[in-house]
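Chain by chain, the residues:
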Amino acid sequence: MNKIALVGNPNVGKSVIFNALTGLNQTIANFPGCTVEKKEGKLTYLDEKIEIIDLPGIYSLSPHSIDEKIARNYLLENRPDLVVAILDASNLERNLYLTIQLMELQIPFIVVLNMIDLARGKGITLNTEILEKNLGVPVLTTIATQGKGLPELRDAICKYSKNPPEYSPLIWPKEIEKVIQEISEKIISYNPDLGETYPLKRLVTSLLEDDEKAWRIVKEAGIPKQELEFLINDIQENKFNGETILTLVDARYEIVNRFIKNVQKRFSDHRWVFTDMLDEVLTNKFLGIPIFLAIMWGVFQLTFTVGAPLVSLIEVIFNYLGDGVYYLTDLLDGAGTGHNPISDFIVGAIINGVGSVVSFLPNIVILFIAIAILEDSGYLSRVAFLMDKIFSRIGLQGQSIIPMLIGFGCNVPAVMVTRSIKNENDRFTTIMVNGFMSCSARLPVYVLIAGTIFPAFAGAVTLGLYVLGIIVAIFAAFVLRKTVFRGERSDLIIELQPYTVPAPQTVFIKMWNRVKMFLKKASTIIFAAVTIIYLLNEANIIGYFGKGLSYLFWWMKTTDGTRIGWEYTAALLIGIVAKEVVVGTLGTLLGFSSATPTNPVVQETIGSLGPAAGLSYLVFILLYVPCIATLAVIKKETNSWKWMLFNLLMSTGIAYALSAATYFLVKAFMLIPW
Amino acid sequence: MNNKKQKRTKTQNDYQKISSEETINGERKHPELQRDITKKEETTKFRPHRRISPTIVKWLNQQRITNIILTVAVILGILYIGIGITSIIGFFGAQENPWVFYEATSFLGWNKITVTGFALLIAGIVIIWSVPYYFFNKSQVADSYLLVGTTIGILFGLIYIIIILADILNGLVIALANQSAIEIVTYFYLPIPLAITTIPIFRVLTIRHHIILMDEVELEENGKKEKPITLKQLIKQRNQQPYRKRWPKKTNRKHYRRKMRRWHKKPWRRWSDEEE
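Residue numbers (the working numbering), protein chains in the order written: chain A, 1 to 674; chain B, 1 to 276.
Keep in mind that a hint or two might mislead.
In silico lysine-lysine, BS3-like type, Cα no more than 27 Å apart, as pairs [as the list claims (entries may be wrong)]:
# : chain 1 : residue 1 : chain 2 : residue 2
1 : A       : Lys39     : A       : Lys635
2 : A       : Lys159    : A       : Lys39
3 : A       : Lys265    : B       : Lys58
4 : A       : Lys133    : A       : Lys148
5 : B       : Lys138    : A       : Lys122
6 : B       : Lys138    : A       : Lys285
7 : A       : Lys635    : A       : Lys521
8 : B       : Lys58     : A       : Lys122
9 : A       : Lys148    : A       : Lys38
Residues from chain B that face chain A, not an exhaustive set, calculated with beta carbons under 7 Å [stated by the list, open to error]:
#  : residue
10 : Ala119
11 : Ile122
12 : Ser144
13 : Tyr145
14 : Leu147
15 : Val148
16 : Ala166
The hints are simulated quantities; they were obtained by calculation from the structure and are not laboratory data.
The C-beta atom is built at its ideal place from N, Cα and C for all residues, glycine as well.
Between the sequences and the hints, there should be enough to build the whole structure, so can you do that?
See the structure below:
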């Protein structure tokens, strides 16, 4: 089976094309660094099976981060049969830089100019025929998000994977060509066969760029490093005045300019395009953040208000289900009440436990749709840009913002996305504070408690919790960068792609993928957890844990002045498995089938917490360790138990301290005679 | 003047600069991005957009219209900020229920006015932000702020329309659950009428900043070399179409469709189609 790799700069639409070719539903978004792993899929076209590999976005073959290394190493070690070089048509010059490096690697490739509509929106026209002639490889144009040009791409992949095109020779400037020749001869003198296994010119340029991988290849080939190093150092100092990397970069751009001569024309009538207009305002240093807060407030308002009737509808369905179970039991045993251990288990564990979590599905769906729209519109990368100023002041890299924003959805992929962060200290700090970003799993708890205790301000309270999460993350990152992860910070490099109108299909697919995950979680982990809780509760075991733990929260009092019930602390303990389980546990232990704020049982039980204990409980839920899955991925990404435990203790400690502080602050606030 | 052939005489150079990077531990990050790229803009002819005529775009870009927009911006800004602040005052205790602080619409049959101070205030500030730029003749920047401000206003108007729909749905669900009559509790959400007032100015701004592409652009995009079709040619082409391709009169349409379906099913017909 032929192997085809999709290669390109970050955020040029590789994953969209990958999804279209393979029929898979890999996560896509309008911000760079969405793909941090290589993904594989199969394309079956005209009875042919081709393996398609989607690689993380790279700017060049000189990697600086883990995801870039993954892409580069794949190209070097696996040598795909054909590379599809995907280029952003509106930024051809910079995108062709990578294509030039593919030519250096002597990998067969075809070129795809994606996002041709955005180029047109910027007033750029491209003559693909000239580009095709200059490069010597087929050049296709696509608008991947609209599916335009994809059938032609499929044809081209099938055709050229068997007969790879031969591209125009790469002509370096004379001075560089001479240097390459000189070093190549030296290498050949030591190992004449190396040129057969690795393109010599590329090896030489990589050595000049001081690429670690190139030196390893040289070492493995048995070439004495010292002599070669001496020669290269001499060339670097005398011929390139110590600026070898920039000289090579300039030379490559010179080649790019030769290739794109007469290819693109740019027209403008002095008026700004919409992206420029929006960026002027949305990235304004004074207005940017308030606008972001207003948008998020709107999202939560929608989540709560629009979700409410749908949640009530699910509540009605679950109530009928519970009644149905008792009715059926009554029909079977004829006892009159319908209550027996089995029916109580079904209603208590499954319908009350799982049902109380599933009833929040409408809220989650609305939130997922809103986040998907924000991601696909390109707004999130602007938020990253906005927050960079704040982040840079605390010593954290702006690149850390992307994982933190992804953390609003789920902390597990967010921790994985930190791979795109180049600086190790920045990366570890981001991993450590990511759990403070409020993931969607916590939303049901907010809806339940904030909706019951603060019915008119549930949206504002939820937004406040999200903002608190960000503030705590920033503060914790500041402390960590000053103590545990000391070191220099690096700058944010992020491509702000033009704003796009999110495609409904993409938004739906994203929402559906997340909903599927939620339902899968509800039917497996949550189901298992609430079943165990129900059984432990029946055996009076869970009460011991809950009561034991409730002593730690001795200060948290309900409206009638008593310590909060052990059910709440037991739910916190079980919540380590998954945050949604908190609601399921409360549903099972407090005996409400539907966790809607309008439910009288909920009003009676959760409502008795009062503002101080309610808010304090929510703050604890927000800040303590996200879930087992996040801990596991932290262990995997940091490759250390130590950091996983550190995260567990740090987050729980901060959660406890801030929860207590919130409780006493609210209490003091309530004492003021307004 | 032929609007299809406006000419630009001025050549403009546009510089796109990528900020340089700092080195970390002596290592340079992404040196390939540390370059200035000079893109030369070319003088060109413009063509009208499919729907928006350049005459309208040009007309809307007059100073006179800018002055009107400035006036509207001031009024809208004050309106949004005023209502936003009043609502926030209400939120902090000036009224018993901060969300229901104004009852002027109760005679209309609606419950009460409900406003959302924070979002309206932000929209108002963004709108007002544009005013100084208009005074300093920076209408592009000013339009940007006004456009975003009105967009936020419209967005929140839409959100509250959805909320009214949710209120109706809520009434239905409660009626279903309690097996009672439907009682819908909703409010006269102020962001909605405010959004309606901002829609015209939003539309004017979008037209003002419509990018007009030239003939060549579209032709090259489509990979065609022929000239764009004129209305006259289009009518001529339509008249040249064979009669069978036209829809018959409405009364015969059903019969006609059946007939055509049968005609398409004929194997030789399909075979000849594939040939083509």
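Results of checking the hints against the structure:
Proximity of A/Lys39 to A/Lys635 is assessed by CA-CA distance (about 22 Å); at most 27 Å being required, the pair is judged to hold. Annotation: proposed proximity of A/Lys159 to A/Lys39 holds, straight-line Cα distance about 23 Å (limit 27 Å). Simply put, A/Lys265 and B/Lys58 have alpha-carbon atoms about 24 Å apart, close enough for the 27 Å limit, and the pair holds. Pair hint A/Lys133 plus A/Lys148 holds up; C-alpha atoms about 23 Å apart against a cutoff of 27 Å.
Proposed proximity of B/Lys138 and A/Lys122 is supported: the alpha carbons are some 21 Å apart, at most 27 Å. Straight-line distance between C-alpha atoms of B/Lys138 and A/Lys285 comes to about 19 Å, which keeps the hinted pair within the 27 Å bound. Our distance criterion of 27 Å between C-alpha atoms is met by A/Lys635 and A/Lys521, whose separation comes to about 21 Å. Among the hinted pairs, B/Lys58 with A/Lys122 is consistent with the structure: their alpha-carbon atoms are about 19 Å apart, no more than 27 Å.
With a C-alpha separation of about 25 Å, the suggested pair A/Lys148 and A/Lys38 falls inside the 27 Å cut-off, and the hint holds. With its C-beta approaching chain A no nearer than about 5 Å, B/Ala119 sits inside the 7 Å limit, and its interface hint holds. At its closest, the beta carbon of B/Ile122 sits 4 Å from a beta carbon of chain A; the interface hint therefore holds under the 7 Å criterion. For B/Ser144, the interface hint holds, since its Cβ comes within 7 Å of a Cβ in chain A; the closest pair sits about 4 Å apart.
For the restraint placing B/Tyr145 at the interface with chain A, the shortest Cβ-Cβ distance is roughly 5 Å, inside the 7 Å limit, so the hint holds. Given the 7 Å rule on beta carbons, the hint for B/Leu147 holds: about 6 Å separates it from the nearest Cβ of chain A. Among the interface hints, the one on B/Val148 holds; its C-beta lies about 4 Å from the nearest C-beta in chain A, closer than the 7 Å criterion. Given the 7 Å rule on beta carbons, the hint for B/Ala166 holds: about 4 Å separates it from the nearest Cβ of chain A.
This entry satisfies every hint, going by the numbered hints stated previously.
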